[in-house]
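**Q** This is what each chain is made of:
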Amino acid sequence: MTRVLIMLAMLLGFSPAAQAQDLQNLLQTHAEEVASPGRRTVGVVLDDLAASGIPQVATFLEQWQEKSVWQGPEGLFFIAAEEGDTLNLTDIDSGVQSTAPAAGFTQLKPNGGVRRVIGTALVQFQLMDPDLTRRTTAVASIARRPEASQLAPLLASIDGESDAALKARKIQLANFLSASFADDPTDRIAAITSLSTDVSVEARAVLNQILTTSTGIATQLPSDANIAQVLTPGAEISLDAAYALLVEDDLAAPITTAEEIKSALAANIVDGRVGDVPVVQLNTTDNRAYAYAQLAEAGTAPALVTTADRDAALADYVFFEIYDEDDATITTAAKTALASVETRVAVGQTADLTLDALSLASIYFLAAIGLAITFGVMGVINMAHGEFIMMGAYTGYVVQLFVPSYTASIIIALPLAFAVTFGAGVAMERLVIRHLYHRPLETLLATFGISIALQQLAKNIFGTQARPLTSPAWLDGALVFNDVVQISYIRIAIFVLAVIFLFLILFVLKRTRLGLEVRAVTQNPGMAASMGINPDRINMLTFGLGSGIAGIAGVAIGLYAKVTSEMGADYIVQSFMTVVVGGVGNVWGTLAGASLIGFLQKGIEWLNPSNTLAAQTYMILFIILFIQFRPKGIVALKGRAAAD
Amino acid sequence: MTNSFLMRNPSTLWFLLGLSLFTIVVTALSDAGVGVMSTSFVKTLGKTLCLCLIAVAMDVVWGYCGILSLGHFAFFGIGGYAVGMWLMYARTEGIVLDSFASQTIPPTPQEVTDAIGNQIFGVVGSSEFPAIWAFSDSLILQLLLVVLVPGLLALLFGWLAFRSRVTGVYLSILTQAMTLALALYLFQNDSGLRGNNGLSGLQNIPGFEDTPQSTISLAFFYASALAVALGYVLFAWITSGKMGSVIKAIRDNESRVRFLGYHVESYKLFVFTITAVVAAIAGALYYPQAGIINPAEIAPIASIYLAVWVAIGGRGRLYGAVIGAAFVSLLSSWFTGGGAPAIPLGFYTVQWTDWWLVLLGLSFVAVTLYAPKGIGGLFDYLVRKPS
Amino acid sequence: MTYKKTLGASALAALLASTTMVAAQDCAEPIKVGVLHSLSGSMAISETTLKDAMLMLIEQQNAAGGLLGCEIEAVVVDPASDWPLFAEKARELLTVSEVDVIFGNWTSVSRKSVLPVIEELNGLLFYPVQYEGEESSLNVFYTGAAPNQQAIPATDYFLEELGVEKFALLGTDYVYPRTTNNILEAYLIDNGIAEEDIFVNYTPFGHSDWATIVADVVALGEDGKQVGVISTINGDANIGFYKELAAAGVSADDIPVVAFSVGEEELSGLDTSNLVGHLAAWNYFQSAEGEANAEFIEAWKAFAGEERVTNDPMEAHYIGFNMWVNAVEAAGTTDVDAVRDAMYGQEFPNLTGGTAVMLPNHHLAKPVLIGEIQADGQFDIISQTAEVPGDAWTDFLPESAVLKSDWQTLGCGMYNIETESCVQLTSNY
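Residue numbers (the numbering used here), protein chains in the order written: chain A, 1 to 644; chain B, 1001 to 1387; chain C, 2001 to 2429.
These are computed hints drawn from the structure, not numbers from a lab.
Treat the hints with care, since some could be wrong.
[Stated by the list, open to error] According to the in silico footprint, chain B covers these stretches of chain C (three or more CB under 8 angstroms from chain B):
1) 2099 to 2113
2) 2172 to 2181
3) 2412 to 2426
[Said to hold, decoys possible] Label pairs and their computed distance ranges (CB to CB):
4) 287/A x 2097/C: 54 to 62 angstroms
5) 504/A x 1348/B: 57 to 65 angstroms
6) 1350/B x 2398/C: 53 to 61 angstroms
7) 402/A x 1350/B: 27 to 35 angstroms
8) 2195/C x 344/A: 24 to 32 angstroms
9) 1102/B x 2122/C: 30 to 38 angstroms
10) 1103/B x 309/A: 22 to 30 angstroms
Just so it is clear, CB atoms sit at the ideal spot from N, CA and C, and this is done for glycine as well.
If we strip away everything but chain A, and leave its shape as in the complex, we get (with noise of 0.2 angstroms):
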């Protein structure tokens, strides 16, 4: 059945196309590689492709590319589309539709460097395209694996681009091919010039590109090369590495190793002695080598090279880093252009750096506020406070199976996870803390035997596996100054809503009746109750209030990391710490604790980019210092309202 449909396709695809050379033609003569291609290999294929001026070439290469061509039981090439079982196979020379079994049919699916060569190819079928998106992808192409020969059509297209942000870019991406591609020097210095305020990464790429070195040995310096630094010995350069350009160029013998020096001695054993050292005694490092002396006198092992030998060795030659481009103006243009550029990503750093730390200061302030209420103004020990947090994001990740769209999901899960758990926190507060006012540390147990019962609830119910909490598409993303400063939309979106939860509760505590009373009734219960105020509602309502606020930096946190039964309990200590660190009682002293905590752990991280869980070591061990120090914490309450 599927031969018959072959035979049809066959005939089909063969008989209008054999009067010239056609595309299936062309590729049954390098089957083999568009079956499965290879970066260094494809670029055969390609080349006798573009030379051929087969019209439905470009088509093909999109296909290829799209990983829509298939190969069917006879080995020959087709566009197709699955559909089920069945495969709507298009002909690539006719266009002719048909239909045929998938069984037999290959998928090919280029890898990603061959994808990249392709699209390389396509440049020059895509660049003057009348289709917008067919030129962007030629120009990111470009941009990708820029190449001499495209500088010219880059050019050419350049004046008749009529999308505007397009043109821009290929003005820059010509500006870049130039400096690196242009046959006229001052051509090139003007374009490296230009460069001179670009801290676009791409930008940094053609500087350096221009600026790559080769090592060199020489007994005499060269004049005439362009050189670009003398490595000394000792200083520029180790002692071991320059020995081992010597050894790699033959101008030197390697240094004997411990383990050769063995090896040769466990070779040389003569009745229980080598030389006239026993056996027994080759146990210390300088009898090996009195030994070996032997050997090599007797010439029995090769000389020994010593590490006096090395330096000797060393002074004879220099050692130096020789530009790959011989032109000495344009090195030091690019030399110029980069140092320039250097300051003004250093100074990039700094802000990005700055803008980490302040997201994730926001990050720590939206995780503890809640406990800034429950803890810091009502002085209660809420160890269950991360599996609220946890309680928010499942609400979230729930509230999302039921609304498909994320944008509306988002809107219906903030306030309902803090309804949520706005409850469980009236629940808790009435069933369990209010009988524990008077024993803070026996809330610490109770809410902890919670936090454990809420956590293996959550796994029951839920699974152990990571939920997904999809962040609506306009929050997708990154804010993008340039290449170096850029922030993700997600951690705005954070950070606005800590501080609009700052404010809130600010608000609510300064200007609001409720506030009023909260600060009564943790002044001093009594007489707020002898002032008609009821303290238990209070205490009920703050504690609600706090907890739904932790609720809601759930979804916040699932948005950006992770939902799993354990979140919460990766931000409890550090939310305890955020609180206590910027003093208890005070709104303003947690967001004082969570910038202190966010800018110093995003420090330590700079000075230790290669381990985080150092930066996270050292930021506590300063914290319980701090403490040591600050008791009170950083916005230490004065007067009465900081007795106990």
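Knowing the structure of chain A, use the given hints to seat chains B and C on it.
**A** For chains B and C alone, coordinates are given in the frame of chain A:
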């Protein structure tokens, strides 16, 4: 002195009697006796005794002195690490020397050290001995470190904290931060203590390679029992008499004790440090039975569990801590080990591996709310009722 | 086809065995298989699936007539992601339950915790997860990938096919990433990548603050070299990492990321639409075509639920369990020493095609697959090698290059080929 002290404290005598009886019963049931008790269960019991010891220490610092330390498991871990370093070093040294013995050329001392380093630290991609391993070749020195390192750490930390009058929940959070910092530090691969891997193979005692684990486990069981007995007597002695009264007074009202002229900080520092040292000794006995120690053991949650055991057992009574630790940890392993039968409810089957933690969590709440004296309180009630 | 044949063959063998062996072995007791996977705690995410897979395999085998005419009974215990508990439970399995074989463990720490116990009691462990190598135990069969069966081929793919010239090695701070990255660093330097072109970073478990690290990786491109990321980031932390990657607009065309610990399970916690084209290297993907795989997936979904996915360690258990069954049948007994001898040279068809062979170093020869993430959370396999023999000791670190593991003929897992002597018989733990 001790005699008269024991006479004054009949509950301590009863405890020691019970412990001896327990030890005899276990011996009789184990492979050394009739052999119905498996080696792994003897190990479990030995480890439980160590947990009882640290629980007693926790009870003294919290139940008697009112300091809710969430850091005693860190000291427990340090004790384990200190002993583990020697166990690892000595065992690896034996292996390395064996392997060199088969080579023609005798090794240099440096080669031996390198080979040991390579064996121990190869797993974290290093072969250098970090400075903290300086004494690992000597059992005596490492045993001293078991006492010294936690002791000094507790002394320093306590001095800083008590001097600044950090009390109550603040102190709890601070001790928890200390534990977290230590755990995070140990989690690092560069910490020199094999990072997340920790120290393993600790059940193989160097010099006793040919002794079966059934014998080793029994030996450690005896050692743990002895440690519990000594620790119990020590703490019973500390908490009785005049000093005990001051300590309990500090728990009940620190300011008043201070106004009475006592140097509160010194008492607190003494209690904090001595319990830390006992916790470390418990750890040093625990980990050779567990076989492996790693940073996860020290995570803050472990210290909270410790507080929970003491709370369930009953604070302010030493036997309460023992009951709590033994009861909760054994029950825990019974439930999570799949030993407990599932309960079919028709529409849903309660699997205890899933629901045990929920039950445990809710029982803390219940105990805190309705039985602040814990199981020990119940015990008191039953014992005193007739009189 | 092959799958059916083998199943048929093994069923037949089991039938034959049952008729011949019944007299010798009256099956008063079923054959016991220990399953040592965490069902609670942080590793339950990954390990519960493997427990279910084992239960399914045992059920299938029992349906096909059991083993040596006996019923196979699974003894499931929960070591609760607590490493010391692994040692305790392993001892319990071997001495109290007296199991004939254990299938279990996920993390390297848990394996190292169990090693002394099973070596002391001469147990048999099948370990199904990709790991860092540098270990060889007489009592363990490693059915997951060694570094040369996952990390090295993936790096080759980066070097050869993607033309990556600058590497960011990102990992969670524990043994597997540390050792793997050490091996990769040595390998890259051997392949002419300069040391300063290799950026290494370690983050804690469950790390969520990835902005700075992603920015650092992007900045690596500033000298115009093609940058690639090799990720040994473990578990939940991947979610934050990929989210940040997507937010920073890093596409697979610009900076490809290949992950060694991200499979179908991990992707189910993510919206993968922004991650299309990023890579993972494994010995198995659910999307592998072939009848054996289709049947396996069908059986799995019928057993565990329609929404469940299959993954690489499950295939490792599938191969390991079937090899063990065949070895027991060949040996005619479940005695550990006899079964071990019968294991060498055991062959069993992979789910991805080709045949896995058990080597004398207790590793498998398996093909290496590289897949691109698709929008549906599955992988599109774009490269598949021939079977690669697993290597316990890497050739790229000087101290392990001279070591060789061969339990069959040399009887040593740590044999120094230079001094021609056995370094040690117990494994490193």
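**Q** Take the hints in turn and mark each one as holding or not.
**A** To see whether the hints hold, each was checked on the structure:
no. : hint                                : verdict
1   : 2099 to 2113                        : holds (count 4)
2   : 2172 to 2181                        : holds (count 6)
3   : 2412 to 2426                        : holds (count 6)
4   : 287/A x 2097/C: 54 to 62 angstroms  : 56 angstroms, holds
5   : 504/A x 1348/B: 57 to 65 angstroms  : 41 angstroms, violated
6   : 1350/B x 2398/C: 53 to 61 angstroms : 56 angstroms, holds
7   : 402/A x 1350/B: 27 to 35 angstroms  : 28 angstroms, holds
8   : 2195/C x 344/A: 24 to 32 angstroms  : 28 angstroms, holds
9   : 1102/B x 2122/C: 30 to 38 angstroms : 24 angstroms, violated
10  : 1103/B x 309/A: 22 to 30 angstroms  : 28 angstroms, holds
Violation of the numbered hints given earlier is confined to hints 5 and 9; the remaining hints are satisfied by the structure.
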